[in-house]
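Based on the provided sequences and hints, a complete structural model is requested.
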Amino acid sequence: MDKSFVIRHTVEAHPDLSIPDPHQDAFVRTTLGFWMYLMTDCLIFASLFITYAVLHHETFGGPSSRELFELKLPFAETMALLLSSVSCGFAILASLKNKKNKIIGWLIVAFLFGAAFVGMELHEFNGLLQQGHSWRKSAFLSSFFTLVGTHGLHVSIGLLWMLVMMAQVFRNGVTLFTFRRLVIFGMFWHFLDLVWIFIFTFVYLIGVL
Amino acid sequence: MFGNLTWEAFRHDTIQSMAVISMVFGGIGIAALLFYLKRWKWLWKEWLTSVDPKRIGIMYMVVVLVMFCKGFSDALLLRMQQAFSVGDSQGLLEPGHFQEIFSAHGTTMIFFVGMGIVFGLANLIVPLQIGARDVAYPFLNALGFWLFAMAAILSLVSLGIGHFSTAGWLAYPPLSGLEYSPGEGVDYWIWMVQIAGVGSTISGINFLATILKMRCPGMTLKKMPIFVWSILCCMVMVIFAFPILTATLYMLTLDRYLGMHFFTAGGGGNFMMYVNLIWAWGHPEVYILIFPAFGTFSEVVATFSEKRIFGYLSMVWALIIIAVLSFIVWLHHFFTMGAGPEVNAFFAVMTMVIAIPTGVKIFNWLFTKFRGRVHFSSPMLWFFAFLLNFTVAGMTGVLLSAPPVDYQVHNSLFLIAHFHGMVIGGVLFGFFSAFTYWFPKFTGLVLDEKLNKYAFWCWFSGFLLAFMPLYMLGFMGATRRLNHYDATTGWHPLFVLAAVGALIIFFGACIQVYGLYSTLKNRSKHRDRTGDPWNGRTLEWSTASPPPIYNFAIIPTVNQLDPVWAMKRDEAPRPVCHYEDIHLPINTAIPLYMGILALIFGFAMTWHIGWLSIVSFIGIVTLLILRLSGHDEHDVMTVAEVKKIEAARGSYG
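So the protein lines, in turn, are chains A and B. Letter 167 of the first sequence, counting from 1, is numbered 166 in numbering that gives the first Met the number 0, and no numbers are missing. Letter 142 of the second sequence, counting from 1, is numbered 141 in numbering that gives the first Met the number 0, and no numbers are missing.
A couple of the hints might just be wrong.
[Said to hold, decoys possible] Listed below are the simulated SDA-like cross-link pairs for lysine to any residue, each with C-alpha atoms no more than 20 angstroms apart in a straight line:
#1 B/212 - A/172
#2 B/44 - B/32
#3 B/212 - A/81
#4 B/306 - B/370
#5 A/98 - A/31
#6 B/452 - B/508
#7 B/212 - A/33
#8 B/40 - B/587
#9 B/212 - A/27
#10 B/44 - B/62
#11 A/99 - A/85
#12 B/44 - B/549
#13 B/212 - A/71
#14 B/306 - B/383
#15 B/642 - B/565
#16 A/99 - A/175
#17 B/212 - A/31
#18 B/306 - B/583
#19 B/212 - A/36
#20 B/212 - A/179
#21 A/98 - A/175
#22 B/221 - B/565
#23 A/101 - A/172
#24 A/99 - B/629
#25 B/212 - A/29
#26 B/53 - B/515
#27 B/368 - B/358
#28 B/520 - B/221
#29 B/212 - A/25
#30 A/101 - A/112
#31 A/71 - A/81
#32 A/71 - A/112
#33 B/44 - B/31
[Stated by the list, open to error] Covered stretches of chain A (in silico footprint by chain B; criterion: 3 or more residues with CB under 8 angstroms from a CB of chain B, positions within the stretch not fixed):
#34 57-66
#35 125-137
Quick caveat, the hints were computed from the structure, so don't treat them as lab data. All C-beta atoms, glycine included, are put in the ideal place defined by N, C-alpha and C.
Encoded structure:
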């Protein structure tokens with residue numbers, strides 16, 4: 000990978016070497032498509048949020064959000080996810096400078112924070128299940144487990160993706176392809192942060208009121 | 000080992016057994032024929048692994064044709080049942096089978112015929128009309144197709160193994176919940192729709208990016224053909240609507256598989272939530288289906304009037320406004336929920352407002368013909384029939400949008416007549432027009448015009464005969480989905496009339512199939528060597544028929560709406576012949592494998608075969624990782640090869 004690419008890629012339409020036609024730019028095209036995908040995913044979450052909003056008082060005689068939720072664990076989860084996102088950002092900055100080891104290092108940090116997030120979420124779910132508050136009990140719990148769990152599932156997929164990216168960077172270094180994939184992975188990871196902020200606000204903060 | 004799957008799943012009544020046996024033998028026959036003709040390798044290399052949008056578009060058409068046969072057989076059975084099952088006679092079908100058939104008819108026609116038409120046309124026409132060699136994401140395009148095709152195959156599998164859903168084409172809970180539909184039917188429905196829906200989302204992203212990013216030099220948004228505009232708006236709707244469907248089905252899945260309480264009658268669930276969500280997808284969906292038809296007629300009317308489309312900008316704005324409004328009218332599908340006068344009034348007014356941009360489109364088409372040189376060829380005939388049917392069905396739609404009227408005719412045959420006017424008179428007639436119009440582009444053959452016209456008159460008269468009685472029956476109180484009614488209702492003659500109409504349509508469809516066969520057989524008589532049989536206006540008519548794999552040897556540059564028309568009249572410069580190497584994506588079998596694994600996954604989930612679901616799911620993830628670890632490679636076609644192909648065709652234009 001030549002250095003000029005690294006500088007040029009920040010310019011809006013960098014010519015992709017594999018396609019001679021300048022208006023068919025693979026980098027811009029891929030990121031645009033990924034934005035669109037994030038839009039669709041956002042709508043899936045929007046549907047789940049709306050359902051949660053409609054159903055969260057339907058406790059069917061069971062405990063309500065005020066009795067179940069506390070803020071300590073979700074706050075720790077928030078911190079873990081935000082730090083993971085920052086680390087991922089550092090990994091992408093390192094890829095601009097073509098520093099392979101630094102990228103992998105930051106990705107490992109991001110991975111650990113992400114894994115901590117998933118671990119804490121599973122711990123919380125497990126606690127609820129132990130107390131007998133399973134998703135079968137009420138519409139409120141169904142929508143809670145689904146909304147938060149779907150986000151957790153996304154984070155878990157992101158962790159798998161991160162492993163794949165580490166392997167790719169380790170094997171190939173920063174190439175046109177790995178760089179592009181790192182950038183869209185970064186978009187995905189920050190997007191999950193954003194969704195979590197909404198979950199923290201609407202589910203936990205408002206839930207304990 | 001086999002989950003809930005037992006031998007019992009293979010037992011069916013006579014009618015269904017016959018259908019299954021003919022399907023299985025048909026499949027074996029085709030496979031044997033391919034072996035006999037030694038065409039398997041050709042099929043694999045040229046078609047199944049292809050990433051060429053033209054090939055994928057034609058494969059969409061094949062799936063549409065097969066699924067249309069299935070959906071249409073369902074329709075004929077329903078019509079026959081209602082024509083005979085009066086008074087003491089119970090007709091041909093048992094009630095359970097009847098329910099399966101009306102559920103399957105709707106599912107097949109919307110998800111596998113309608114959506115297949117949308118993406119098939121987009122694949123065939125969009126790259127050519129925007130002067131591109133390819134789509135933005137060839138791999139995703141193929142993946143979207145294979146998910147769609149495999150979902151269609153899953154619906155065929157449900158015909159032979161087990162039973163289809165009896166909960167209607169939208170599977171309203173609580174009927175579709177575990178309590179009232181414990182069998183595999185609803186699960187089949189969930190997985191086929193879910194798989195096809197994910198495919199649609201993927202294809203939607205692909206075409207939106209294609210139109211935004213791959214237009215040829217000079218083609219600004221305001222110089223795009225209306226067909227491309229219609230697909231652009233259509234894809235925006237796909238991207239905004241289909242995730243809602245995915246999420247809704249996901250929640251229904253959780254209700255059924257994990258015992259959650261989203262839409263159940265007990266546990267605090269709210270099944271009207273499902274109805275709201277499904278129509279938040281479902282209403283945009285009907286516009287998704289009709290938009291390519293709008294686009295087609297805009298091209299057809301301009302071409303066969305030899306005139307530029309009237310009111311281009313108002314046409315575009317009408318599309319955009321309809322696309323936006325389509326997301327805020329969903330509640331008119333269930334005014335009877337009783338949301339109160341304020342809510343119902345809002346949705347009623349919004350629904351009526353949609354009639355305005357739609358009316359703008361109708362008048363623009365009419366004004367395009369005004370002082371034009373109108374040719375009454377068959378694509379145009381479909382347009383005239385569309386104009387009548389769509390206006391009538393549109394007006395009854397406006398009637399239905401008034402809540403007091405809707406309370407009277409809700410779920411009656413009046414509604415059925417209304418939306419069949421839209422989907423047959425609109426979507427299907429639009430597709431037939433598109434099929435006739437663009438058939439020469441992709442085969443180099445012009446369809447037999449005389450047979451086309453016979454088919455058209457059968458369809459048109461058959462349609463009127465089959466659906467006008469339903470309006471009357473609706474007013475007389477006949478509800479939808481009746482498998483039996485009393486003789487004293489006086490409905491019988493009208494039901495018989497509707498059945499006769501369906502038979503005439505069937506006859507028309509047979510003529511179409513024969514027309515296709517006869518055109519292919521008498522190739523030399525129907526050959527079009529010009530590549531431009533209709534005196535076309537847009538870029539697809541400037542290349543050969545069928546187009547070479549790279550579409551355009553020289554990427555065109557345009558400076559107006561109808562570049563080819565202008566070029567033919569020497570009002571625009573002809574392109575300079577300066578060939579270059581052409582990069583094309585390499586064929587890949589991964590989308591096909593992923594589709595097959597998705598089919599296995601859907602089947603395994605339906606029958607609760609745990610290990611198979613896990614294995615197939617891991618397979619899909621592995622293939623995805625494999626693909627994302629490779630490089631997008633390209634084939635290079637050298638200048639010499641391009642020159643050879645172009646020389647065989649003769650000079651440009």
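Hint-by-hint comparison with the structure:
{"no.": "1", "hint": "B/212 - A/172", "in the structure": "violated (29 angstroms)"}
{"no.": "2", "hint": "B/44 - B/32", "in the structure": "holds (17 angstroms)"}
{"no.": "3", "hint": "B/212 - A/81", "in the structure": "violated (33 angstroms)"}
{"no.": "4", "hint": "B/306 - B/370", "in the structure": "holds (9 angstroms)"}
{"no.": "5", "hint": "A/98 - A/31", "in the structure": "violated (26 angstroms)"}
{"no.": "6", "hint": "B/452 - B/508", "in the structure": "holds (12 angstroms)"}
{"no.": "7", "hint": "B/212 - A/33", "in the structure": "holds (14 angstroms)"}
{"no.": "8", "hint": "B/40 - B/587", "in the structure": "holds (14 angstroms)"}
{"no.": "9", "hint": "B/212 - A/27", "in the structure": "holds (9 angstroms)"}
{"no.": "10", "hint": "B/44 - B/62", "in the structure": "holds (19 angstroms)"}
{"no.": "11", "hint": "A/99 - A/85", "in the structure": "holds (18 angstroms)"}
{"no.": "12", "hint": "B/44 - B/549", "in the structure": "holds (17 angstroms)"}
{"no.": "13", "hint": "B/212 - A/71", "in the structure": "violated (47 angstroms)"}
{"no.": "14", "hint": "B/306 - B/383", "in the structure": "holds (17 angstroms)"}
{"no.": "15", "hint": "B/642 - B/565", "in the structure": "violated (26 angstroms)"}
{"no.": "16", "hint": "A/99 - A/175", "in the structure": "holds (14 angstroms)"}
{"no.": "17", "hint": "B/212 - A/31", "in the structure": "holds (9 angstroms)"}
{"no.": "18", "hint": "B/306 - B/583", "in the structure": "violated (36 angstroms)"}
{"no.": "19", "hint": "B/212 - A/36", "in the structure": "holds (16 angstroms)"}
{"no.": "20", "hint": "B/212 - A/179", "in the structure": "holds (17 angstroms)"}
{"no.": "21", "hint": "A/98 - A/175", "in the structure": "holds (14 angstroms)"}
{"no.": "22", "hint": "B/221 - B/565", "in the structure": "holds (17 angstroms)"}
{"no.": "23", "hint": "A/101 - A/172", "in the structure": "holds (11 angstroms)"}
{"no.": "24", "hint": "A/99 - B/629", "in the structure": "holds (19 angstroms)"}
{"no.": "25", "hint": "B/212 - A/29", "in the structure": "holds (11 angstroms)"}
{"no.": "26", "hint": "B/53 - B/515", "in the structure": "holds (19 angstroms)"}
{"no.": "27", "hint": "B/368 - B/358", "in the structure": "holds (16 angstroms)"}
{"no.": "28", "hint": "B/520 - B/221", "in the structure": "violated (42 angstroms)"}
{"no.": "29", "hint": "B/212 - A/25", "in the structure": "holds (10 angstroms)"}
{"no.": "30", "hint": "A/101 - A/112", "in the structure": "holds (17 angstroms)"}
{"no.": "31", "hint": "A/71 - A/81", "in the structure": "holds (16 angstroms)"}
{"no.": "32", "hint": "A/71 - A/112", "in the structure": "holds (17 angstroms)"}
{"no.": "33", "hint": "B/44 - B/31", "in the structure": "holds (18 angstroms)"}
{"no.": "34", "hint": "57-66", "in the structure": "holds (count 3)"}
{"no.": "35", "hint": "125-137", "in the structure": "holds (count 4)"}
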